[in-house]
Amino acid sequence: MSKYIATAAIRGSHAIVLEAEKTLSQAIKELGPDTPVAFTNTAYFLPTIYGYTGTKVQTLGDMVPIMEKARSFLAPVPADRLWLPYLGETLDAGVATLFAEEIIMGVRFVRGEQPERMPLNGIKVQTSEVSGAFTSPDEEVGAGRAAAAQSNGHYTLNGPIDDIQLRTWGIQLVDGRMPGFAAIVGCAKSNEVAVRIVRELQRRGILIFLCGNVNGRSIIHQLLEEGVQLGYDTYTVPFGTDTVSAIYPLGFATRSALTFGGMTGGQARDILLYNKNRVFAFVLALGEVDDLKYATAAGAITYGFPVIADTLIPQILPTGITTYEHVVSMPFDEIEGKDDLERADRLVERCIEVRGVKIRMAQVDIPVAYGSAFEGEIIRRDAMLAEFGGKGGITFEYLKMADSEDVQDGRVELEGPDLDTFKEGANVPLGIVVEVAGRKMQKDFESVLERQIHHMINGAEGVQHIGQRDIAWVRIAKGSYQRGFRLRHLGSILHAKLHADYSAIVDKVQVKIYTNKAKVEELREVARGVYNERNIKTANLTDESVDTFYSCTLCQSFAPSHVCIINPERVGLCGAYNWLDCKASYELNPTGPNQPIAKKGLISAEKGEWESANQFLYQHSNSTFNRLTLYSVMDAPMTACGCFECIMMLIPEANGFMVVSREDTGMTPAGMAFSTLAGVAGGGQQSPGMMGHGKYYLVSKKFIPKEGGLKRVVWMSANLKESMESELREACQRIGEPGLIDKIADGRNATTVEQLMAFLEEVGHPALTMESLI
Amino acid sequence: MPAILVPTEKWAGKVREVTLGGDSRKKVVVGGETTLPFLHFDGVIPHAPAIAIDVEDVAPQNWSPVLGAVWGDVMREGLAAWARKAVEAGADMVALTLRSADPDMGNTGPAEAVEAVKKVLAAVDVPLIVYGPGIAAKDNEVLVAVSDAFAGKRLALGLCEDKNYRTIVATCMANGHIVIANSPIDINLAKQLNILITDMDMPGDRILMDPTTGALGYGLEYTYSVMERLRVAALLGDSMTAMPMILNPGREGWRFKEAKTRDGVPTQWGDLEGRGIAWETTTAIAQLQAGADILVMRHPKAVGLVKRAIASLMATNY
Ligand code: SF4
Ligand code: SF4
Chain B
1 MSKYIATAAI
11 RGSHAIVLEA
21 EKTLSQAIKE
31 LGPDTPVAFT
41 NTAYFLPTIY
51 GYTGTKVQTL
61 GDMVPIMEKA
71 RSFLAPVPAD
81 RLWLPYLGET
91 LDAGVATLFA
101 EEIIMGVRFV
111 RGEQPERMPL
121 NGIKVQTSEV
131 SGAFTSPDEE
141 VGAGRAAAAQ
151 SNGHYTLNGP
161 IDDIQLRTWG
171 IQLVDGRMPG
181 FAAIVGCAKS
191 NEVAVRIVRE
201 LQRRGILIFL
211 CGNVNGRSII
221 HQLLEEGVQL
231 GYDTYTVPFG
241 TDTVSAIYPL
251 GFATRSALTF
261 GGMTGGQARD
271 ILLYNKNRVF
281 AFVLALGEVD
291 DLKYATAAGA
301 ITYGFPVIAD
311 TLIPQILPTG
321 ITTYEHVVSM
331 PFDEIEGKDD
341 LERADRLVER
351 CIEVRGVKIR
361 MAQVDIPVAY
371 GSAFEGEIIR
381 RDAMLAEFGG
391 KGGITFEYLK
401 MADSEDVQDG
411 RVELEGPDLD
421 TFKEGANVPL
431 GIVVEVAGRK
441 MQKDFESVLE
451 RQIHHMINGA
461 EGVQHIGQRD
471 IAWVRIAKGS
481 YQRGFRLRHL
491 GSILHAKLHA
501 DYSAIVDKVQ
511 VKIYTNKAKV
521 EELREVARGV
531 YNERNIKTAN
541 LTDESVDTFY
551 SCTLCQSFAP
561 SHVCIINPER
571 VGLCGAYNWL
581 DCKASYELNP
591 TGPNQPIAKK
601 GLISAEKGEW
611 ESANQFLYQH
621 SNSTFNRLTL
631 YSVMDAPMTA
641 CGCFECIMML
651 IPEANGFMVV
661 SREDTGMTPA
671 GMAFSTLAGV
681 AGGGQQSPGM
691 MGHGKYYLVS
701 KKFIPKEGGL
711 KRVVWMSANL
721 KESMESELRE
731 ACQRIGEPGL
741 IDKIADGRNA
751 TTVEQLMAFL
761 EEVGHPALTM
771 ESLI
Chain S
775 MPAILVPTEK
785 WAGKVREVTL
795 GGDSRKKVVV
805 GGETTLPFLH
815 FDGVIPHAPA
825 IAIDVEDVAP
835 QNWSPVLGAV
845 WGDVMREGLA
855 AWARKAVEAG
865 ADMVALTLRS
875 ADPDMGNTGP
885 AEAVEAVKKV
895 LAAVDVPLIV
905 YGPGIAAKDN
915 EVLVAVSDAF
925 AGKRLALGLC
935 EDKNYRTIVA
945 TCMANGHIVI
955 ANSPIDINLA
965 KQLNILITDM
975 DMPGDRILMD
985 PTTGALGYGL
995 EYTYSVMERL
1005 RVAALLGDSM
1015 TAMPMILNPG
1025 REGWRFKEAK
1035 TRDGVPTQWG
1045 DLEGRGIAWE
1055 TTTAIAQLQA
1065 GADILVMRHP
1075 KAVGLVKRAI
1085 ASLMATNY
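Residue numbers (my numbering), protein chains in the order written: chain B, 1 to 774; chain S, 775 to 1092.
Calculated directly from the structure, the hints in this document are not laboratory data. A hint or two may mislead.
Said to hold, decoys possible - So the derived label-pair ranges between C-beta atoms look like this:
{"hint": "1", "chain 1": "S", "residue 1": "Gly926", "chain 2": "B", "residue 2": "Glu334", "range": "52 to 58 Å"}
{"hint": "2", "chain 1": "S", "residue 1": "Pro1040", "chain 2": "B", "residue 2": "Glu754", "range": "48 to 54 Å"}
{"hint": "3", "chain 1": "S", "residue 1": "Pro958", "chain 2": "B", "residue 2": "Gly371", "range": "16 to 22 Å"}
{"hint": "4", "chain 1": "S", "residue 1": "Gly926", "chain 2": "B", "residue 2": "Gln58", "range": "19 to 25 Å"}
{"hint": "5", "chain 1": "S", "residue 1": "Gly908", "chain 2": "B", "residue 2": "Glu663", "range": "38 to 44 Å"}
Virtual Cβ for every residue (Gly too), placed ideally from N, Cα, C.
Please build the complete structure, drawing on both the sequences and the hints.
Right, here's the structure in full:
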């Protein structure tokens, strides 16, 4: 906690509490304690006070005990020599400030001084303002309002947001249609900057509350001078030109918690947590921050709303009360950018980041249609304008994590020629580099997200995408080109879709597209280096190196008792989910089908049995199974749902296992083809001696280690041997049996046990002399 | 006859009780079971399953002629008459579908929706279930308006699906209504939706679960196996599956050719009326046996048959 801020906030709170006390006693003296007090068109009394204390203030007299409470929250202003952690005192001062401000507003209402009538002093209010619907009492709206303002020289600002509007906006804040709200306090560097900030916020659907001033000038003046339409319809609410009016946004926040959080007055903690976790609001302080602003900001922080200032002030970076930083200083003139407008953009971006506001991309903004219906589209050679990759082509796709400062959300750059310049049917080099920043982004998720490039790009009409990494192959149809599709749109697609589908881990996305041969080749080498690193990392990702496994229960819709438990060295039995995918999926969807299972309570290292995994299985298999070993097929093996890529099954005579691929329709030595075997093994059963698995499990170091690993495989579908030949040979090499793969029978030489045994004897398969399995 | 010793099972869990209606209107409480359906010797079943009857705010176009024959007059007369006749036919509650909000059925808006609900509430005093037209964006629009307009009436509003649950839940929380959480015949998705809804601080006793009905011959077996698993999980103590279940045998049972087609079908199928009623009844009774707490039905005769079945299944002196 910054001592400077603590001191200023506490000083500010003393002053405002004193002012409120004076205001209140004066009003009671003049009007009597029974004078009713109410904010118009709302049913929540003085909402901040009601939320915090449960007290329903209905008369001036009711305010007295609140005033006393506010006073009791005040700590002495820290003396110069004292050095204490001030957070608690500062937050208390903030709460006292909010009470004082709300009391002042209450009295102003009683005196008919709210909503504020702001002198126009020559500002011309746009008569085109037809939609600026306010609901302040007795106010005309639209053109009439503008005309009235012009003729009487006042522009009436908004009082508290009425309950009807609260419901409309509150529900959108809860269901995510509205990403959050910004309380802007003060005055921007220039009118131009004020407008830009507001436009940038509006563009993202963020609700904007305007209050306060710096030396008498308010952002409200700035916006009116520039003819910006203010009102509910444009998501901009001018509350007042002094700092006290900043109480309205907090009252609004309190009321949304009361309305949509099912809380009642006095549940202060719940209300604050509700706001912290669900209402993505922040305070943007423009211009000099005085004591009262610090004090009010401290009040806002209790709601979990961080404060971003465009001036040099001490920062409070550690998190705690707010989700991320508490107070961030971003002196406007020091922001990087070619002009003030760019600086304004950066400032808004930073606000969004500090609060963790999640922006929703409504649509993929490209000139052709977009949707999963186009994913399978094939573009024939004669229909294509150009292709990238494929035979003889040079392409790569690389998604990397980057620091937030280095990523400008939505930026797409093309380096090299665009579609317009290509000869029809040309094969052009293409490099796509996607940079992603996010608070929850992890290096490990790079490959998970990168793999999505394929189906994201494929969703565009007239764009075909095959493969990934440096074997990606893209075709773009003439028709799409004619409708305006250009290479930068590949970037727009990736930006929009990564936000839409991965907002939990992705905050910012920028894309660079390259079509110069030399550059693509150069960067492809860089990317290849990374692919290689990733391969090594995945290969080194061992069960021992992690402390968590993941479950997958996606298949329970068909096989109710089936649970895949996925460790780094074994993919899910469908082959589609590996450990990293599950980890990312859990991050994205914490209540989804992939749940973490902490490796706890080791029962047997040899069999791969843990207490925690057993418990998880019991709870999630409908209490059907209570044991599971990860490293053995003979004792409590993984259940099998039905979508396994392969089935392995004990052949007792051979003292080993056969592995049958889903793609193998032929007969096996067990006398059953895959389909029959699948019927026997599937349905969520646990069958010792029989197990479904992904095909890459075969080359894992944790391939049935308890039974002796790959050496136990006596028969394998021929298609597996062919499609995975190099990986299998490598695995054989690794276990010191380089010739093993040729000793494994397949459907071409054995479809009965007799034939199998004859083959194994002939080649001298190691399983024959291994310890007996049964 | 020698006495048979019935083996009993002791469950740790209990289905939540949900109260619909009230606020000077009739109340219906559902749920509260501590055992599987109708096994009175194992635990308690404090409330009989309830029956709601479907009404729509415009005369339906594609309902079976058999339903047209019984409801045709009130469909023409209007919602109030329809709702009254539903209660006369034995409905414990009325299930109003705001069909006219469907973009293909008139695309009416919030004002019409509120009007329709007002009519039904004025005509009958049983609890009311309100369904949107089944298009998430439109559901949000009309249900939010209804929710606001009838705060405190403890209506059940649906459907609340993973696509729009936040909106429906928020509005139900703000106005004291009940959400109908619908998931597509999948125990995990049903549970996940309940978790998401309660994560928004919605109290568990204001959630009904609709695991989606497949009618007899059209996925009924999926429905009841998912229902059974949800219920067993609830009784084993899983609070996120312990919501009462609401099913729609009426809507589903009358949707297929067996309940709609008079001509050009094998003579063994018998007459259309009996066939349709049997279809709805069989679907409903299977769901009762799998744990349904509310059945939303259509034909008065099917309602009569199911009520008889409920009465005898609830009788504990057998
Ligand atoms: S088979 Fe695949 S999808 Fe199914 S549960 Fe296992 S990992 Fe999940
Ligand atoms: S395997 Fe069966 S249960 Fe698993 S997803 Fe495929 S069809 Fe399903």
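We went through each hint and held it up to the structure:
1. S:Gly926 x B:Glu334: 52 to 58 Å: Since the Cβ atoms of glycine 926 of chain S and glutamate 334 of chain B sit about 54 Å apart, the hinted range of 52 to 58 Å holds.
2. S:Pro1040 x B:Glu754: 48 to 54 Å: Taking Cβ atoms as reference, proline 1040 of chain S and glutamate 754 of chain B lie about 52 Å apart, which means the hint holds.
3. S:Pro958 x B:Gly371: 16 to 22 Å: holds, 21 Å
4. S:Gly926 x B:Gln58: 19 to 25 Å: holds, 22 Å
5. S:Gly908 x B:Glu663: 38 to 44 Å: holds, 40 Å
The structure fails none of the hints (numbered hints given earlier).
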